[in-house]
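Quick mapping for you: the protein sequence lines, in order, are chains A and B.
With this note's numbering applied, the first sequence covers 1 to 293.
With this note's numbering applied, the second sequence covers 1 to 378.
Just so you know, the hints here were simulated from the structure itself, not pulled from any lab data.
Honestly, I wouldn't trust all of these hints.
Selected chain B positions facing chain A (Cβ under 8 Å, derived; list incomplete) [unchecked claim]:
no.: 1; residue: Gln-32
no.: 2; residue: Thr-33
no.: 3; residue: Ser-35
no.: 4; residue: Gln-38
no.: 5; residue: Leu-43
no.: 6; residue: Pro-278
no.: 7; residue: Phe-316
Covered by chain B, per the in silico footprint, the following chain A stretches (three or more residues, Cβ under 8 Å) [stated by the list, open to error]:
no.: 8; stretch: 110-123
no.: 9; stretch: 277-289
Only a predicted model underlies this, so the values are computations on that prediction, with no experimental measurement involved.
Even glycine gets a Cβ: it sits at the ideal position worked out from N, Cα and C.
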Amino acid sequence: MANADAVAVAASPEEIAARLAASRYLADDSLATAIFLAIRLRKPLLLEGAPGVGKTEAAKAVAELLGRELVRLQCYEGIDAGHALYEWNYQRQLLAIRHAGEHEIDIYDDRFLIARPLLQVLRAPDERVLLVDEIDRSDHEFEALLLEFLSDFQISIPERGTIRAATQPIVILTSNRTRELAEALRRRCVYHWIGYPDAQREAEIIMLRSGDVAEATAKAVANAVQEIRARPLAKPPGIAEAVEWANAATILEKGGSLWPEAFRRAIGVLIKDEEDLSAIAPELERIVEEALA
Amino acid sequence: MRRPRSLRPAAAPFLGFARLLRDHAFPIAPEQTISFMQAVTLLGPRSMDDIYEAALATLAPSLDRRDEFEAHFRSYFYGDAKPSIEGQEDDETRIKDDRGAREEEKQTIRQEKGGELSSALEQLSSRDFQRDTDGLGQFRRKLATAVPARRSFRTERTRSRGTLDLRRSLSEVVSADGDIPSPLLRRRQTISRKLLLLIDVSGSMKQHTADYLKLAHAAVQGAHRAEIFTFGTRLTRITSALRIRDREQALARAAALVDDWDGGTRMGPTLLAFLSVPRFSAFARGACVVVLSDALERGDHCDLETAMRRLSARAFRLSLASPLAGDPRFRPETAALRAILPVLDDLVDGSSVGSLTDFILSLASSAPAAETIWKRVS
């Protein structure tokens, strides 16, 4: 039933792109195609890209377009099954044993089971989208665990038996590529590399995402940010930073600063690294002037 | 389910493309080929773009080989001229990762009769198997416990000094019918930090590189997580070559991987190149980084300073082992050394294997910063 919905939503890549735009996410053809394929081939979608290109936002937009709840599993070094699959609520179990006294109770009841993201998704695959965020931060053991989950969509709980998903849930994985993922994981997924958008698209994104930024400002910001990203910076600004910069400059301009000056004073929301700031400072004026022209 | 005996003729080009990629050492699994064909069917395909998008999404070429992938795609489906795949000849530092290059390596090793390469190999391995004279065997055994440790997020069972392990305690309680026997404990595991050795293979280090590689081999064998890179004018990762247990073979393979033996030094740019690859710079995070170099940077040392500062910001401990520091008259007085001294945790003698192994084994114990020590001396 719900899967039929997903197919109806994902009638074609263009349909996906249009619906994503309706939920305020501008995807290029390539990303829309990847999302389309992931939904129709029923494979997980692996999104890789530099920090700040909108990987997590893409997942949120996909959940929104399918009308499902997004369940997010944030990975970190040392994440284990207890954080990803399930855990028993031992305190409650102990209390229940005390309370029951002579009576018999089932301490492996649903009441005592804390469902972590993977189990939550298994229980309602048609209502939820799973986002496994920044999988490159977790370690190899966890990747193996995830691999097993992604191939069978089942979890074994020794005290309860195996829980299987009724239908295959939609899963999105993101990675910043700080380390290479296992080939097996890449193989199992539909893969898409999200790059930085071109100036025109970025201007559109800024218009869509920010409050009340004029079109000319958005274009100038997009041009300047493109120029800045071309330099060898330690932390190139992402899309979110560009939006912030446009917002900040607009606020400063309304407060009475002139245009090039407003951009310069708001630079702190765009570049957040002292070394990068000092590297870009001498050229900033020229970049802003050119972008405004 | 319908099982066609043979594929439709229209499917043949897609199978052929997957095969072509495999011939060029792209790892393509059969299931990927299947999804590729399914994807093409799903998309229509209405245009060549659709086929290209489907190929990208399902065959998942790694980002560094995207251009090569596109060249193959164009030549296969559009009949363009055969792709000429070559490294970009710009002045960027070349980076060589030993993953995926294994096939070629094996061949180079097999043909190592005569020529410069094999003489270099012999030089490396000539002093092998003279018992444990250089103390590297002992170094290897001690290393695993000597590398500094940190506390992990994972926990382990313990008998003392821990927090209550509710999961196991509860099952004890249940099996003891509600009685609470002695509580069971858990505490956070400690795991050893990564050890990252960056070895200078330029001309000025010529007489030491052979020893350094042996040391690196012992380190890879002994430590839980060690990564080894060489740098001169290029940057080469040689860790997996050194994972081979047999020292002679491992060193031969590593030697064949490195292209810039005894050349010039571009220490600053190569270290920056190291930091610019996210996967590599992640090795340095929280690691013990030991740079084996004389830090004689020709020309401007600005890059070197930036690179060292960034390295030290990531590393748990950043040390420079210079063969020159073995001389009692040595003072860190070159412009480059003076510039990087404030960010170094240690500046030590790297002139002999003995002093180096002693130093690496003492990494876990604290020492005053390099600047303080060398100020006292001078």
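Results for each hint:
1. Gln-32: holds, 6 Å
2. Thr-33: violated, 11 Å
3. Ser-35: holds, 6 Å
4. Gln-38: At about 6 Å, which falls below the 8 Å cut-off, the nearest Cβ of chain A leaves the hint on Gln-38 of chain B intact, so it holds.
5. Leu-43: holds, 7 Å
6. Pro-278: This interface hint holds because 5 Å falls under the 8 Å limit.
7. Phe-316: violated, 14 Å
8. 110-123: violated (count 0)
9. 277-289: Three-residue rule not met by the stretch 277-289 of chain A, so violated; n is 0.
When the structure is compared with the earlier hints, violations turn up for hints 2, 7, 8 and 9 and for no others.
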